[in-house]
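Between the sequences and the hints, there should be enough to build the whole structure, so can you do that?
There are 6 protein chains.
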Amino acid sequence: MRILVVNPNTTQSMTRTIETAAKAVASATTDVVAVTSSMGPVSIEGYYDEVFAIPGLLKEIAAGEKAGAQAAIIACFDDTGLDAARALATIPVIGICEAAVATASFIAQRFTVVTTMERSRLPLEHLVHRYGMSSRAKVRAADIPVLSLEDPTSDALPRLHAEIAAAITQDRAEAIILGCAGMADLAAELSHKFGVPVIDGVSAAVKHAETLITLGLKTAKTGAYAAPISKPYIGEMSVFSPDRIMAG
Amino acid sequence: MRILVVNPNTTQSMTRTIETAAKAVASATTDVVAVTSSMGPVSIEGYYDEVFAIPGLLKEIAAGEKAGAQAAIIACFDDTGLDAARALATIPVIGICEAAVATASFIAQRFTVVTTMERSRLPLEHLVHRYGMSSRAKVRAADIPVLSLEDPTSDALPRLHAEIAAAITQDRAEAIILGCAGMADLAAELSHKFGVPVIDGVSAAVKHAETLITLGLKTAKTGAYAAPISKPYIGEMSVFSPDRIMAG
Amino acid sequence: MRILVVNPNTTQSMTRTIETAAKAVASATTDVVAVTSSMGPVSIEGYYDEVFAIPGLLKEIAAGEKAGAQAAIIACFDDTGLDAARALATIPVIGICEAAVATASFIAQRFTVVTTMERSRLPLEHLVHRYGMSSRAKVRAADIPVLSLEDPTSDALPRLHAEIAAAITQDRAEAIILGCAGMADLAAELSHKFGVPVIDGVSAAVKHAETLITLGLKTAKTGAYAAPISKPYIGEMSVFSPDRIMAG
Amino acid sequence: MRILVVNPNTTQSMTRTIETAAKAVASATTDVVAVTSSMGPVSIEGYYDEVFAIPGLLKEIAAGEKAGAQAAIIACFDDTGLDAARALATIPVIGICEAAVATASFIAQRFTVVTTMERSRLPLEHLVHRYGMSSRAKVRAADIPVLSLEDPTSDALPRLHAEIAAAITQDRAEAIILGCAGMADLAAELSHKFGVPVIDGVSAAVKHAETLITLGLKTAKTGAYAAPISKPYIGEMSVFSPDRIMAG
Amino acid sequence: MRILVVNPNTTQSMTRTIETAAKAVASATTDVVAVTSSMGPVSIEGYYDEVFAIPGLLKEIAAGEKAGAQAAIIACFDDTGLDAARALATIPVIGICEAAVATASFIAQRFTVVTTMERSRLPLEHLVHRYGMSSRAKVRAADIPVLSLEDPTSDALPRLHAEIAAAITQDRAEAIILGCAGMADLAAELSHKFGVPVIDGVSAAVKHAETLITLGLKTAKTGAYAAPISKPYIGEMSVFSPDRIMAG
Amino acid sequence: MRILVVNPNTTQSMTRTIETAAKAVASATTDVVAVTSSMGPVSIEGYYDEVFAIPGLLKEIAAGEKAGAQAAIIACFDDTGLDAARALATIPVIGICEAAVATASFIAQRFTVVTTMERSRLPLEHLVHRYGMSSRAKVRAADIPVLSLEDPTSDALPRLHAEIAAAITQDRAEAIILGCAGMADLAAELSHKFGVPVIDGVSAAVKHAETLITLGLKTAKTGAYAAPISKPYIGEMSVFSPDRIMAG
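Residue numbers (full-length UniProt numbering), protein chains in the order written: chain A, 1 to 248; chain B, 1 to 248; chain C, 1 to 248; chain D, 1 to 248; chain E, 1 to 248; chain F, 1 to 248.
Source of the hints: derived by calculation from the structure; they are not laboratory data. Careful, some of the hints might be misleading.
Identical copies carry no separate label here, and so any pair may be met within one copy or between two of them.
What the hints assert, rightly or not - With a straight-line Cα cutoff of 25 Å, these simulated BS3-like cross-link-like pairs (lysine-lysine) come out:
| # | residue 1 | residue 2 |
| --- | --- | --- |
| 1 | Lys23 | Lys218 |
| 2 | Lys193 | Lys218 |
| 3 | Lys23 | Lys66 |
| 4 | Lys218 | Lys138 |
| 5 | Lys138 | Lys193 |
| 6 | Lys218 | Lys66 |
| 7 | Lys221 | Lys193 |
| 8 | Lys231 | Lys138 |
| 9 | Lys138 | Lys221 |
| 10 | Lys193 | Lys231 |
| 11 | Lys66 | Lys231 |
| 12 | Lys221 | Lys231 |
| 13 | Lys221 | Lys66 |
Note that the coordinates shown come from a computational prediction; the quantities given were computed from them, not determined experimentally.
Here is the structure:
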């Protein structure tokens, strides 16, 4: 099995964290291909960054499918561009937020997503609602920039710890979801520290992708995920027209 | 008052329909500036097209705000890019779907959105849900390409009529919302034909924009609509970094 | 355009506050006619007062429509009698709560209504739910009598300030809605003081009324807002029978 | 035990139907006092009629409590004036819609309310939603005037039969609720005819009123049902001020 | 009337508390038969205990119906086995949680269930949601073992008091529901102490059972409560096959 | 990895169908152990059968965990006994309904569960609601006995086909979930026949179980899934007391 993992921000060091987490859980027969988007913001913090992360993401997904990937993972917790990716690709596509949320639902009745920036809290609440878990899951923000997770001199980790502690005490969270792909390396350690299951979306998504491949399931194409219609795209966006992106 | 109306698809003839509808209802003291996005798909039909309509849209909104617009309208019924536009702009931004839905809620308890493509039905149901009206509003698709609305030889109009009739009979819709900016010129005629209020989102949005300007209300910036953070954007997307888009 | 604004409580000084707020935002071509109900409670504080405010309100709306008003506004934040008024009138009718809530939804994802009496909190929560915003809006009461807003010696203002501060801190409200028509003169000052958008329902309703008039939209009459059926009304209520109230 | 049953419309023949149904199920030790409102519409069909049925209803409830009633029932399926009555009275007050819905919830997972006028359908859907049963109950209208139920020459009964049949077949209703006090005499016969439980709200309310009396439970007065505040009522409504209505 | 009250745990002293509460409110003509399940856990604390309380409960209900009971009550606040009991019995069956919740809904807009064990909190939240009251009711746990309610030397009572006080202050509960059959003797005293209505599910259920008997209403059998299908049951469970349990 | 799959009905031929489906998708390194419950109904059709399937199921899960299983699957689409199993076991437990629903949510926006008996329709609607998908998924029943699926002379298959066709046409289902463990062998053939993804819960659950094992995730034990409390169980149920079932 070949699974494409796209980091839709353009920071390669974060891709390495993601790749390590993905490979650690992949089956022996699974080939994980982790790529960094070649265009867009260096981190995705809020609605505006999301917009400009999607073109590069979709380009990687189209290229990955062409190169033989059987499933694709969007390794940003906003599930950036998930709907468009599902429309574009014929292979299944999984977001790490939805992967984490589905996984949490199998092991806990109440859980909390702890994310980075306050500005991402409401967008993640919308996602959690869309995935049907708004009555079971809360979202908290530790108020830390995404890239500070890679900076050992920052106070990102203590802030993250404090927010997880608050989730357990105040939300009565039975499990914690790490709300950023850049936290993919922290799950085991945090689970040990806090004594509750801690779920990383990247590794969850890898396993769900293997599941879909093994079950032979692909995105349904008879509804809102129908393939893009061939049509002209104008100006700077013309290279992304359905025909050209699929031509590669 | 100066209101910017952006057609986020790149079809100028549709912009003209939109502009006419907008100007017909604007106050005498309102200056409506209708622009066509300079990049992206010629029509927005589904999730994929949406992605590539947003960069051009945001560019126009940034430019429009710089040029003195006091409010902006996104003239596509998917409310394409609305969240990102609200984060980017300091002036208020209104989507024509939310404008139409809010307006309908003042005059009817049950109403139906009639849109073009079947693939847009579920995305619009998501919007209607987000705007709090999922228990009051249904969405139907007449199964017509967006640009066929401009083609007098197509069967777009009879199909639209049939779907409106079904909405009134089967959904017991008390009012109809036209679910595409390209239908902006049809509201009066359809209301007369079917004997129920028919709402066009473009004209509704113009009036709501005037309302916000007059009331001195702008997008709240303390939550998810905080201004984009200054950061590098890489590759083809570098021209859209917050700093550069705001520099114009 | 001629817009009728009815204060459904019988306190004329409050009508003056309302009228001032309404006229301040009306278009140059709009004639705002503010009237005080001639019968009923001097303030509307809870379910019981509401009942006896409605007959006088409906009488004014019927008279106002006869006198040429093209839209009517109910200037009490409980949206007292809104459904009955919509059934009675052929002109559109807007409540100030629904007007404020719709306006807030255009500029903020989370907002809080701050009202007067604790006993009004749950009724307003019901309204907010009905207007589809229960997941986005909270309701708080400052625990102040309605008419104390007009008494400079009362502690109404500091209590209101405290509750707004709590809404911003504890609810993370991005915008505030003033939950009483008697607060219509405070929006600008409070917005300045607290640094978030503050919305007054009276002025919002005036603009929405102008919108409906300009768009030529009237209450749908094919559903629950069908005109009252001609029938005998007995005893003290006989003067309010549909035939007699419409005869004036 | 003494239970007051108020018919809030002014048609005495309907009060007799209601009284017969109420007495048929009351305990041997219960004294049912059925009264007809002395003012207001002869039938309650839609939002407008409701408004003018409430003053007379409240007057009867105040008088009844004074005369020793231990609980009051509002015998109109719109639960007309229920909130105001609960605020006014210290004795518990029950609406026949809520009584019927609670009863149905004990014996069926899915049930349908069949009411008279189409214009009452949405208001009853709101009630059913408020009583927490919107996912379990549907509302249908047989499109018959309320008073036609008393006219043996009308086609009210066959229309009612047809709608019940449709509820069982199309909604898969496991039980039927009769959505009008004027149908109180039909439950047994319809249950026999259609082979499903058929619930009349009047008789259900009588039993629930006995329940509250026996359990010593009264309306909670610490929230929205706090007693009306003593204050002036102006003009024609002055006789209904809290002080005067409680003085009788 | 003959009403069967089954204590589905096997602690006879708790049955006596339940029986006393039930008889205190039953009509003079009602014969309350309180029985203790002959098999299963001595107290029901969480999902696992529930499973093994149901066989004994169902056996008592089948036997009770055979012996002439006209309605049955499940006297455990988890409404343990309610759905299966409704499928098995032809007489109506009422759970004490649903009885208490329906009763509370007649007298208060907001109320709180105070139960024993923290592990029962989420299951009760599910029940409250199913009964349609999740927006009106909260659930709190006093963190006390069920059987400690019978031990005068335990700190059960002060803990219960503290939780009720918190419900009133923090949840603004207007009424309290006692969330355990073992609290059935405390309602009057707690209502007096805290000045709000306090509802015991056992006594509420007795009255609702009398209501259903008097109204001649039985469980609808055309949906999910259809009678169990005759079929072999294997091994230790063979004595519970539908045929054998109904044979007694 | 060792995964226990328990068929909670006592029909061994169905266990073989389940086992085949499970083994077909398990990883090479996974040992699937499929067992048939030793006690209870031969098929689970409705609430009553469910009750008596759970003891045998829990016994197998306790035994399986003791024997080294790292995850357990409940192979009945009602997710029979899932909550109790999660409380009992320390290994993760997955129901095939929740597994199928989570899987469907990754590939389609709207999907329909097609189950066997009409009496199972509402219980499955409750499950789907609990899993957060009530706005995305419908449930249909083909009205066929469970064991008829194993009888080639029955009309089970054509009825199933008809219901799937109706789901696609009338519900606009983009994917189908097979709502019975006994259908586990039909997914591929039905997907081919109807041209939409068809999901079998057994195979989905096997993959999700592997996911949880690989990720090192176990049921959260700090909330409603806390381990059963040691206590006496009386009579026929005494062999199932927490201590004795865990002793084996």
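Inset, instruction - Just pull the numbers of the violated hints for me, sorted ascending. - result: 8, 10
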